[in-house]
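Asks: So the chains spell out like this:
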Amino acid sequence: MTTHAVRIESVSKIFNPGRPNEVQALVDIDLDISPGEFVTLIGPSGCGKSTLLRLIASLIDPTGGTIHVNGKSAEQARLDQDYGMAFQRAGLFDWRTVARNIELPLELMGWKKSERERRSKEMLELVKLGEFGDHHPAELSGGMQQRIAIARSLSFSPSLLLMDEPFGALDEMTREHMQDEVLRLWSETGTTVVFVTHSIPEAVYLSTRVVVMSPRPGRIATTIDVDLGGRNDDTRAETPFFEKVTEVRAALRAVEAA
Amino acid sequence: MNVPDRLRPYVAPLVAGVIILAGWEGTLAVTDPDGFVLPPPSDILGALVENRTQIWSASRNTGFVIVSGMIVGVLFGIVAALLVSRFRTANEVITPLAVAVNAIPIIAMAPIFNAWFGLLSPRSNQAIVVILVFFPIFINTAKGLTLVEPAQIELMESYAASKWRIMREVRIPNSLPFFFTAMKLSSSLAVIAAIVAEYFGGRQDALGPLITSSAGLTRYDDAWAAVLAGTLIGTVLYFVSVLLERFAMPWHSSMRNDPFAATR
Ligand SMILES: Nc1ncnc2c1ncn2[C@@H]1O[C@H](COP(=O)(O)OP(=O)(O)O)[C@@H](O)[C@H]1O
Ligand SMILES: [Mg+2]
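Residue numbers (this note's numbering), protein chains in the order written: chain A, 880 to 1137; chain B, 472 to 735.
Some clues are possibly wrong.
As the list claims (entries may be wrong) - In silico DMTMM-like links for lysine to aspartate or glutamate, alpha-carbon gap of 25 Å or less: (1) A:951 x A:973; (2) A:1007 x A:954; (3) A:992 x A:1010; (4) A:991 x B:496; (5) A:1000 x A:1018; (6) A:1000 x B:640; (7) A:992 x A:940; (8) A:992 x B:628; (9) B:655 x A:1013; (10) B:634 x A:986; (11) A:1007 x A:1044; (12) A:991 x A:1004; (13) A:951 x A:996; (14) A:951 x B:625; (15) A:992 x A:973; (16) A:1007 x A:940; (17) B:614 x A:1067; (18) B:634 x A:1010; (19) A:992 x B:503; (20) B:634 x A:1113; (21) A:991 x A:1001; (22) B:634 x A:973; (23) A:992 x A:1044; (24) B:634 x A:1001; (25) A:1007 x A:959; (26) A:991 x B:521; (27) A:1007 x A:996; (28) B:634 x A:1067; (29) A:951 x B:628.
Hints were generated in silico from the structure; no laboratory data involved. Fair warning: this is a prediction, and the values are worked out from it, not measured in the lab.
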């Protein structure tokens, strides 16, 4: 039996059950993700993408169903620090230097100081911000901060990377640059990625599989496999890319019309 | 004007201050040469120099009440804020209580405090400073401890960090700007509280009694000199707060060379 990186079985989530502000956020979610996959969740806003990601992270608990990460309960995976997370807002700590922001998860995991410093140097090189280790986050641009947040989420080589619209606040050029950066990190580290976005081209460009979700209540409408091979500067201008973009767009139209 | 950046924040207020003092001096020389209503700055300065031994020892006594009261009030405020932000029950108990106590006009209770602690004991005045300083420190620090970006808390939880670790790594650093704003507010509050409380009792060799007795003898320049001494204590406390702030959070953008930044 192969262990799934993520296994979601008949999961549902109701916020504030039994109260007037009850929200049925997700129903009947089944999703298996294999190690090394790059899965994006896409759908109209409010369809439960962030909720699904936070369920996988065990930051909230499902109302029904089960979630396993690396063959353990989601909570155990969180306690074992199996995954790294990055959000739309970089969420860096102003009071720590850039290097010490990257070292934060390592400190919590009890790494030795010398090991931490060696690793944060490596990670800074990886996101091409080698000379900014001693700066404070406030001195960096939004795109640079986001790169630091990604470096932080990767610093302890998690087997699973959870990203919630990490490039949502960036301009188009920075965004495309960051997409290539994440693809490079993904192929270099072999980590599994679950990535939330509401941008169709972003979903198609990045993923091996696009999961299209529908709202009220949130459920999985379709999944679309993507195989663009090695991406380069031309990928976004080529037919296979356009065909997939069209396919995902049609699926989203169907979802919104329903 | 070409002023070096480092000195910039000081030059404008200094120039303005000198102009105001000169205007005060000049106007009085014409309208009130005997200084019945308002003594000119030169007389106040003269009284300060003339009575320096008395004002110095009064300032030390009042300064002790202010500083000791502030230290205790600040410590209580910090501890209460930590408890309230960490334990829900503490929040449900302490916060309404603090709000209720804050609604009491504490300074107006100075005579009652004197009855409790003894008319000539400085304890009652210290207690008033403690209570008055406590509230802004408590409320602001608690706000800083709780008003944290939810994503930062989720991030820490995703690393399976304990509640105390989250307190140390996220909540406490996040609360520092709030805390120091409250410190700056408290420093003037503590001076007012101590001097007004001294009008009603406590040590007699102190700024409050010096102001009342000088005014009673129509020696207004002496009274003003004592007020000036109180002002200096407040100013020193303000700048000590600024120094502590710079030391505690060198990363903060308001730290870039403007001592008045946080109050602007
Ligand atoms: N903590 C919460 N409490 C109550 N309702 C929530 C909470 N988080 C999300 N929701 C609701 O669940 C639904 C899905 O939200 P979310 O997962 O954030 O959507 P998306 O990320 O796809 O935009 C929305 O209707 C939202 O209002
Ligand atoms: Mg969302």
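Asks: Hint by hint, note whether the structure agrees.
Replies: Structure-based check of all given hints:
{"no.": "1", "hint": "A:951 x A:973", "verdict": "34 Å, violated"}
{"no.": "2", "hint": "A:1007 x A:954", "verdict": "33 Å, violated"}
{"no.": "3", "hint": "A:992 x A:1010", "verdict": "20 Å, holds"}
{"no.": "4", "hint": "A:991 x B:496", "verdict": "66 Å, violated"}
{"no.": "5", "hint": "A:1000 x A:1018", "verdict": "18 Å, holds"}
{"no.": "6", "hint": "A:1000 x B:640", "verdict": "22 Å, holds"}
{"no.": "7", "hint": "A:992 x A:940", "verdict": "34 Å, violated"}
{"no.": "8", "hint": "A:992 x B:628", "verdict": "22 Å, holds"}
{"no.": "9", "hint": "B:655 x A:1013", "verdict": "30 Å, violated"}
{"no.": "10", "hint": "B:634 x A:986", "verdict": "16 Å, holds"}
{"no.": "11", "hint": "A:1007 x A:1044", "verdict": "21 Å, holds"}
{"no.": "12", "hint": "A:991 x A:1004", "verdict": "20 Å, holds"}
{"no.": "13", "hint": "A:951 x A:996", "verdict": "31 Å, violated"}
{"no.": "14", "hint": "A:951 x B:625", "verdict": "21 Å, holds"}
{"no.": "15", "hint": "A:992 x A:973", "verdict": "20 Å, holds"}
{"no.": "16", "hint": "A:1007 x A:940", "verdict": "37 Å, violated"}
{"no.": "17", "hint": "B:614 x A:1067", "verdict": "43 Å, violated"}
{"no.": "18", "hint": "B:634 x A:1010", "verdict": "33 Å, violated"}
{"no.": "19", "hint": "A:992 x B:503", "verdict": "71 Å, violated"}
{"no.": "20", "hint": "B:634 x A:1113", "verdict": "48 Å, violated"}
{"no.": "21", "hint": "A:991 x A:1001", "verdict": "16 Å, holds"}
{"no.": "22", "hint": "B:634 x A:973", "verdict": "20 Å, holds"}
{"no.": "23", "hint": "A:992 x A:1044", "verdict": "32 Å, violated"}
{"no.": "24", "hint": "B:634 x A:1001", "verdict": "30 Å, violated"}
{"no.": "25", "hint": "A:1007 x A:959", "verdict": "29 Å, violated"}
{"no.": "26", "hint": "A:991 x B:521", "verdict": "64 Å, violated"}
{"no.": "27", "hint": "A:1007 x A:996", "verdict": "16 Å, holds"}
{"no.": "28", "hint": "B:634 x A:1067", "verdict": "34 Å, violated"}
{"no.": "29", "hint": "A:951 x B:628", "verdict": "18 Å, holds"}
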